[in-house]
Amino acid sequence: MRPISLSILAILLAVASPHAKPPTFSEHVSSIIYNNCTSCHRNGEIGPMPLTNYSEIAAYADMIKHVTETQYMPPWKPDYNYSQHIGARTLTKTEINTIANWVNAGFPQGDIALEASMPEFPTGSVLGTPDLVLTMAEPFTIRGDNEDQYQVFVIPTHLTEDREVEAVEFRPGNSRIVHHALIGADITGTARQRDLETPEYGYESFGAFGAPTAVVLPGYTPGAKPSIYPKGVGHILPKNSDLLIQVHYAPWPLAESDQSSINIFFKKEPIEREVGFISFAPLTTDGKTLSRIFRVLLGEERHGGTPVEKIRINDIFIIPKDRVKTFHTTLFINRDISLLSIYPHMHLLGKSWEIYATDPQGNRTNLIRIEDWDFNWQGNYTFTQYQKITAGSQIHAITTYDNTTNNPLNPNSPPRQSTWGEKTTDEMLLAVMEYIPYRPGDENIALTVGRGGEISIDFNGNGQKDFADFLLFVQNFGLTRSDASYQRHFDLNGDGHINFTDFIIFANQFSAG
Amino acid sequence: MHKMITKIFWIVVALLLSSGSGLCTPYKIYIFMGETCPISRHYTLTLKELHAQYASEKLEFTGIFPNRLSTPATIAAFKEKYALPFTCIGDATHTWVNRLGATITPEVVVADTSHTAIYRGRIDNTFASLGKRRRVITEHDLADVLNALKNEKTPAFRQTRAIGCIITSGQKTKQE
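If you're matching them up, the sequences are chains A and B in order.
Heads up: the first sequence is residues 1 to 513, going by my numbering.
Heads up: the second sequence is residues 1 to 176, going by my numbering.
Simulated from the structure, these hints should not be mistaken for laboratory data.
Since this is a predicted model, take the numbers as computed values, not measurements.
Be careful, since some hints might not be right.
With beta-carbon atoms standing in for the labels, derived distance ranges [as the list claims (entries may be wrong)]:
#1 B:P72 x A:D145: 25 to 35 Å
#2 B:S129 x A:E204: 23 to 33 Å
#3 B:D144 x A:N314: 39 to 49 Å
#4 A:R323 x B:E57: 43 to 53 Å
#5 B:I137 x A:L114: 43 to 53 Å
#6 B:A128 x A:T425: 11 to 21 Å
#7 B:E57 x A:Q193: 54 to 64 Å
#8 A:E371 x B:T62: 34 to 44 Å
#9 B:F86 x A:K239: 50 to 60 Å
#10 B:V136 x A:R312: 30 to 40 Å
#11 B:A128 x A:T52: 25 to 35 Å
#12 A:F500 x B:T138: 35 to 45 Å
#13 A:E120 x B:T71: 27 to 37 Å
#14 A:E200 x B:D144: 32 to 42 Å
As a list, the in silico DSS-like pairs of lysine-lysine whose alpha-carbon atoms are at most 30 Å apart [as the list claims (entries may be wrong)]:
#15 B:K132 x A:K321
#16 A:K388 x A:K231
#17 B:K48 x B:K132
#18 A:K21 x A:K93
#19 A:K388 x A:K310
#20 B:K58 x B:K48
#21 B:K28 x B:K48
#22 A:K239 x A:K268
#23 B:K132 x A:K65
#24 A:K465 x A:K231
#25 A:K351 x B:K132
#26 B:K58 x B:K153
#27 B:K81 x B:K28
#28 A:K65 x B:K79
#29 A:K423 x A:K310
#30 A:K325 x A:K267
#31 B:K81 x B:K153
#32 A:K351 x A:K388
#33 B:K28 x B:K150
#34 B:K132 x A:K225
#35 B:K132 x A:K325
#36 A:K77 x B:K132
#37 B:K58 x B:K132
#38 B:K58 x A:K423
#39 A:K351 x A:K225
#40 A:K77 x A:K65
Idealized CB from N, CA, C, for every residue including glycine.
Take the sequences, apply the hints, and build the full model.
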């Protein structure tokens, strides 16, 4: 007990002492930047300024302080305290303060021997050798007119039979301009036809694929590792399907080109539970759009029909001009399911999301909250663990749209009424969730990124999750990827830090026995 | 003979005065930029358009690069890549930054020959804040100033808030 209380005393002294030495780059700041920023901020990646050594980081010192204090960087939209998703990019309060104190003190470099080592950034696949590589048939050149561009590319899979998919890895050809990508598969030939009708490679489509999709696969955002479906769970990529990728190219003043590719990994063992989809969808004026969305997105064929019994919306999906408008949508779930991920989607008038489930007893499960919706940083958020939704539960989505002049992204000035559609000036209300039929024990399975399989908190491998594992966890608490004694298996959500979120995962599994 | 010379002198003066944009006082448009600052990169298109429309002997554009890592080579590479049609100079010591009171890249300062600023701030209101790119630009601040000057009006001093990368002020201590 003594060494622990001594170290606590030392920490208290360090915090309390007004003459504490200012943090230095080498000792305190380098590990924060290298582990949270450099994956995107290095040459050839989407982050505009390289942040790979002391002088590059010092040259932007005041700006780094600003973007971390305002939590603009690292980019992560969901409220981290509301619900947990894997791959979360956030800094702790302490890390933010360390950076600020360092900048205020004139950003001293300190002893270079203490500088953190740079994490490894793989140049090839992070998952190994793919079973199928699909590449854009030709490079695509963006207009370079400072506008966002959304282009759908159609790549035939030439699969002669249905294949079960374990992981999908999008590999940007030009990481400077690829802002995100959505991936799906079409078996109707619609997308192929649309491509033929346009002179350029692919076709432009803002809202989504602009074609019906038989399956939606995990998409890509910069810096995120591809997720791997747990044992017995995966997608089915239909035979003869065309893979669709909708690539969002960032606004850029030059006509650069890109030729991205996709690595697909098939399941080694058969799928027992195919991933299905449920989604919120709004009530539109014609009622027809809604039923189409239901058919396409609610995965009604899988698992003997959709688990969504009915959907209730408080109002027709019209967003009047000069108004801030909130919709409350409810899904009624008729059987036990496990949710894997959630992908909220709205356009430029979109302002915020809150999605949570309530079970028949009134217990609440938070799924996601985004206070400051940003179309540019949309993504598929995988829960750190399966979220069990019991039969009779309701899933609620509260969505707000700002169609006033206060919304700088408003595509119309002066504002104009908006409703459902695929154009930039139209709006959407979708939150696609991946689900599988529930099986007992699901709630104890942690979802993960990269290889490594299911996470176990049985750290010492004695077959029991016990107090010894707790002690091991505590010993490693606070370590970060750059620390010499850091070990991957204590970092339960794989975000590079062994911190409070991991503790929550730990505690959940611990209490589950 | 003497009369003849006087006459020619006045013709030359008149010609000089009527040439160019017709302004009497020259103005300088200083644009503070960062090679790796994304909003600076974004504005290269707008700056080229404004230059094409307004640059003259009396309205002279200069790009100033205050980042501590800027070198003649990085500035030349940026100027070439984005085809900037005006002179670009480095300012690692922040002489220009301090003289003209710039704090952000990109930020423009329009000044007369005595370096008295008549406008300081954003180019237009494309960015409401970092990451919030307006889809419809409604304020064209720099173009308005240039337009007034082109029409020989001197607008009263105005300042707006530029959105972009904070210029890192001098480092106090390099080593502990």
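Output the indices of the hints that this structure fails to meet, ascending. Failing hints, ascending: 30, 31, 37 and 38.
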